[in-house]
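Undergrad: Sequence:
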Amino acid sequence: MTYIGGRGDDMEMRFLRPMFELGRSKFSFYSPRDRDSMSEVIADADVVINLIGKYYETKALADTPKFPYFEYKKNFTYKETNVDIAKTIAELCTEMQVDNLIHVSSLNASPESNSEWARTKYEGEMAVKDAFPWATIIRPAQMFGPEDRFLNWFANAARMFPAVPLIDGGHALTQPVYAVNVADVISKVVDAPEKFEGRTIDCFGPSDYTYKELSSFVYDITTQDPNVVDVPKEVAMMTSKGMQYMGNPMMTPDFVELWSEDFIPPMTTEEYESQPVKNKIFTMEDLGIEAVPIEKVAFNYLHRFRTGGHFSMAAGYH
Numbered sequence: 000m001t002y003i004g005g006r007g008d009d010m011e012m013r014f015l016r017p018m019f020e021l022g023r024s025k026f027s028f029y030s031p032r033d034r035d036s037m038s039e040v041i042a043d044a045d046v047v048i049n050l051i052g053k054y055y056e057t058k059a060l061a062d063t064p065k066f067p068y069f070e071y072k073k074n075f076t077y078k079e080t081n082v083d084i085a086k087t088i089a090e091l092c093t094e095m096q097v098d099n100l101i102h103v104s105s106l107n108a109s110p111e112s113n114s115e116w117a118r119t120k121y122e123g124e125m126a127v128k129d130a131f132p133w134a135t136i137i138r139p140a141q142m143f144g145p146e147d148r149f150l151n152w153f154a155n156a157a158r159m160f161p162a163v164p165l166i167d168g169g170h171a172l173t174q175p176v177y178a179v180n181v182a183d184v185i186s187k188v189v190d191a192p193e194k195f196e197g198r199t200i201d202c203f204g205p206s207d208y209t210y211k212e213l214s215s216f217v218y219d220i221t222t223q224d225p226n227v228v229d230v231p232k233e234v235a236m237m238t239s240k241g242m243q244y245m246g247n248p249m250m251t252p253d254f255v256e257l258w259s260e261d262f263i264p265p266m267t268t269e270e271y272e273s274q275p276v277k278n279k280i281f282t283m284e285d286l287g288i289e290a291v292p293i294e295k296v297a298f299n300y301l302h303r304f305r306t307g308g309h310f311s312m313a314a315g316y317h
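Take 0 as the starting number for the sequence shown in numbering that gives the first Met the number 0 and just add one per residue.
Treat the hints with care, since some could be wrong.
Taking lysine to aspartate or glutamate and the EDC-like style, the derived pairs with C-alpha atoms no more than 20 Å apart in a straight line are [claimed, not checked]:
1. Lys-128 - Glu-193
2. Lys-72 - Glu-115
3. Lys-277 - Glu-193
4. Lys-240 - Asp-229
5. Lys-295 - Glu-146
6. Lys-194 - Asp-285
7. Lys-279 - Glu-196
8. Lys-86 - Asp-129
9. Lys-53 - Glu-79
These aren't lab readings, by the way, just hints derived from the structure by calculation.
Make a model of the complete structure from these sequences and hints.
TA: This is the structure:
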């Protein structure tokens, strides 16, 4: 039986039901600020997977006694989402004697990052290891796939903005990984969790790219012709301070920080291979998973941005 914790109505997650045998999934409501509700989700588990995360700090309007009588208040901060909730889950797993915990972090988790999201991802890892030392930490790079917020970002930006900004010229490097590959890693850990107790698994794609190269790649598929502009980080930061109040913000100040840093593995292939066996950080290759390049997948979900769809380029369909 798979228990899926959610903060909203069951109908919001109904698309997950076909992924399980009939009657083998159950949606359980929880509140991240209610420890008892979280323990109910975890209660009968042999393996707990923490996928909780947010790429921006959620906000809501709140009343104030003085003019203008309202203000934006943060609902969940990066620290609450990436550190406090992760720590609570790990503590509950220890208290309830759960056999295994899989914590999904980020390849860019670092105490030295300018991004608060990346720093709190690192702090979350440390908190989980402290509360549940034998947890398995999975650290994916930026993920691509249908409905991603990565390659789709470029295509959506071309639709929404008069110009698509490339922060500091888009020269930072990233090594994106296919979301299905990360799911395969989690599946392999679930099948044999004892092999990966206390281990870290880094997930990244076969090639690195600059954001400028990725923008060209996306627009070559979508046939969009946006005005792509090199924007200094300082200017992008000022713009993002206003855009962060959108419902699903396309840019936030932390997004600017994250996309102006390299998002690549901390070691070379040779360094991963030459690690001591005792404290070895695994990669997908160690699990027998071959990284799928973006060139094999991206067209499948980006061609929808073409005017008239991809059939418009074939004779007889227009």
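Undergrad: For every hint, state whether the structure bears it out.
TA: Going down the list of hints, with the structure as the test:
1. Annotation: proposed proximity of Lys-128 to Glu-193 holds, straight-line Cα distance about 16 Å (limit 20 Å).
2. For the proposed pair Lys-72 and Glu-115, the alpha carbon gap of about 18 Å is at most 20 Å, so the pair holds.
3. Taken as a hint, the Lys-277 and Glu-193 pair is honoured in the structure, with Cα atoms around 15 Å apart against an allowance of 20 Å.
4. Proposed proximity of Lys-240 and Asp-229 is supported: the alpha carbons are some 18 Å apart, at most 20 Å.
5. Between Lys-295 and Glu-146 the alpha-carbon distance is near 16 Å, which keeps this suggested pair within the 20 Å criterion.
6. Taken as a hint, the Lys-194 and Asp-285 pair is honoured in the structure, with Cα atoms around 12 Å apart against an allowance of 20 Å.
7. Distance restraint check for Lys-279 and Glu-196: the Cα-Cα separation of roughly 12 Å lies within the 20 Å cut-off, and the hinted pair is therefore satisfied.
8. Restraint check: the Cα-Cα separation between Lys-86 and Asp-129 comes to about 9 Å, which is no more than 20 Å; the hinted pair holds.
9. Pair hint Lys-53 plus Glu-79 holds up; C-alpha atoms about 10 Å apart against a cutoff of 20 Å.
Violated hints are absent here; each numbered hint is respected by the structure.
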